[in-house]
Amino acid sequence: MAQPVVEIENLVKRYKELVALDHLNLRIEEGEIFGLLGPNGSGKTTTISCILALLSFDKGSVKVFGKEIEPDSYDLKRNIGVVLQNVAVFEELTVYENIDYFCGLYIKDKATRKQYVEEAIRFVGLEDYRKFLPKKLSGGLLRRLNIACGIAHKPKLIIMDEPTVAVDPQSRNKILEGIKQLNAQGATIIYTSHYMEEVEQICTQIAIVDKGRKIAEGTKEELKLMIKMGEKIHLDVLDITPEQIEEIRRLEHVYQVTYEDNQLQISCNRGKHNLVRILAYMQEHDIGFGRVYSELPTLNDVFLEITGKELRD
Amino acid sequence: MQVFKTFLKIVKKKMTSVIIYFVVFVGIAIAMAKNGGENEQKNFQAEELNLVIENQDEGKLGGALVDYLGKDNNLIDVPKTEDELLDKIFYRDIDYVLYIPADFTTRFTDGEREGLLTDKKVPSSSSGEFADNQIQSYLKTVGIYLDSGFDLSDAIRQTDEDVTVTAKTKLIDDTNQNTFEPGKFYFRYLPYIYICMLICAIGPVFMAFHETDLDARNKCSTMSFLSRNVQLILGSVVVSIAIWALMEVVGIILYPGYMFSKTGFWCSVNSMMQILFALACAYTAGQIVKKQQALSMISNFFGLGLAFLGGIFVPLEIFSDSVLRVAKFMPTYWYMMTLEGAQRMDTAGGLPADAVQGLVIQSLFAVAVLLVGMVYNRMKAKA
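In order, the protein sequence lines correspond to chains W and X.
Note that the numbering used here has the first sequence beginning at 1, numbered continuously upward.
Note that the numbering used here has the second sequence beginning at 1001, numbered continuously upward.
Hints were generated in silico from the structure; no laboratory data involved.
Where hints are given, some of them may not hold.
Unchecked claim - Quick list of the computed label-pair ranges, beta carbon to beta carbon:
| # | chain 1 | residue 1 | chain 2 | residue 2 | range |
| --- | --- | --- | --- | --- | --- |
| 1 | X | 1304 | W | 195 | 49 to 57 Å |
| 2 | X | 1234 | W | 68 | 27 to 35 Å |
| 3 | X | 1367 | W | 309 | 51 to 59 Å |
| 4 | W | 291 | X | 1379 | 42 to 50 Å |
| 5 | X | 1380 | W | 75 | 23 to 31 Å |
| 6 | X | 1367 | W | 68 | 36 to 44 Å |
| 7 | W | 261 | X | 1379 | 48 to 56 Å |
| 8 | W | 109 | X | 1379 | 34 to 42 Å |
| 9 | W | 68 | X | 1380 | 24 to 32 Å |
| 10 | W | 291 | X | 1380 | 37 to 45 Å |
| 11 | X | 1019 | W | 185 | 45 to 53 Å |
| 12 | W | 165 | X | 1245 | 44 to 52 Å |
| 13 | X | 1328 | W | 165 | 51 to 59 Å |
Claimed, not checked - Distance condition first, Cα-Cα at most 25 Å in a straight line; then the derived BS3-like pairs of lysine-lysine:
| # | chain 1 | residue 1 | chain 2 | residue 2 |
| --- | --- | --- | --- | --- |
| 14 | W | 180 | W | 156 |
| 15 | W | 131 | X | 1013 |
| 16 | W | 136 | X | 1013 |
| 17 | W | 136 | X | 1080 |
Unchecked claim - Derived list of chain X stretches under chain W, where covered just means 3 residues or more per stretch with a C-beta under 8 Å from a C-beta of chain W:
| # | region |
| --- | --- |
| 18 | 1009 to 1021 |
| 19 | 1222 to 1228 |
Note that the Cβ used here is the ideal one computed from N, Cα and C, for glycine as well.
Using the sequences and the accompanying hints, generate a full structural model.
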């Protein structure tokens, strides 16, 4: 088995009484886009901080590229790029100067650095903003600058802590596409977010964390297979009796039915022809309905089913 | 040297406010030095009043009093009308009007001392009080001689002799406040300039480097904590020395003789101690303060506070004992001590002990403030 890029074993981190990480285990393989998904306060940023040796921990071990990481593990840090949750750039420096500064912390050779900085600028699409100060950039452009500062030195492992918070959809797509591209170029990526759509869109492996513990891990398909729900059917219904709702609940493969604001929501397990069966029942009992659509389970459903609460609670 | 170069880049971008401070305060320092030289008052001179005296006395005393008052004051002719007189008093053309009645001498020699004279003056005016004092003083002296058995002529003669005697006065610490030395005035205001300039120039750089997320990003890099901090310290020392050297050059251009004297040398050493203190302040402010606006507020607050309480803007001689006790906790007080000590050096031969003490205490202040900043930084890192 190949050596993992990051290996976390039984990691425990306490803030006085609060247990931020509770025997967390993670194994991140080379070439993955590893999604760390969880609600706010679930321990994502604490995990990242431990991987980067920014925080000491109470128990367990964190290995990066096969070695225990310490604050002075500069040989390991050479291959790590970090994009923090908050934009961390110098307000007084231009776009170019900022990227050059952070790249220069890793790359000493001037010519190489210049080339890397230019590549990073092109990669995030900030060619027209080289001489702009950060305060002149929009939120999305600022996030792109933040990313450029973290990746300019071409690290093998890129850690991104919620890089799309408060970003417009256009910039978000650009960022997500960029992450895929970095991965395609060979970088392993750890991506934390509480936006399940983003994680579904880009991550090849996902760990769901809550209260400092890993509650599930796998590909998005594997995660969805872990839960009972196979399909969720929605129907706009004006009039339906409680008895009829109960009868629908007793249909084959149906395990939950809710009716609220004229919308009937039917959760089915992995049986076949669920929609056909339900529509047939509606016609048979002469129940009028409008819009009908069916949804496959999301990571939110996975989280909901495992923890009993929404990801964004 | 990535951090060092970036340090200088940021300082360069903060130069506008530093230049403004430089131009304004050097301008003020020069202007104050110049004005101080022209207007410095070295000797006491009594004020002359404009007096109107209507003397109807038939004896000698009224005339003698008029002669006495005429020596140190301007005697003005009696206006033609009462309205004209009142107008002149209102417009301060006349300070005092004295009426001496016909029987003044007779009544005075008979032992009557009160209520013999009448006057007109601006109520509660200092000039009125001053004139009253002169009259009372003269008549009291005459009265003492009369009561002692002198006849009127002798009493007047003795009194006239007495009032011509003047006391020899020496102004307090002539070398200190009242001898004008342009170079000294230049150095006097430097601490305020240094504190404002350095907090404005260096404070934002430390503030930026210690901002939580930027600090985290730096910590994630391959640059060691030691290397990063050495470069930051190097950057701040270079900027401080550059500012100090700039002010020295300005001093040399303005006051070459003074600057190349022994006094000038020690004043320069003294100002270097003060810039080290200002550097420590800038470092600590950069650690603690989170916002740029707060930083400029602090530079003004500390700059002005230290300048006023340390005796830079206000002479230490006018401080009460309690204020002086507080002032001793200001590095600027010790700066002023050394500055004054350096002025005495030429006559005494060497730098006085209190001046040396001032240098040492200033350096201790700088170390103390620096330690506060470092401890805060450490606590923040541990939190």
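Against the earlier hints, flag every one the structure doesn't satisfy and list their numbers going up.
4, 10, 17
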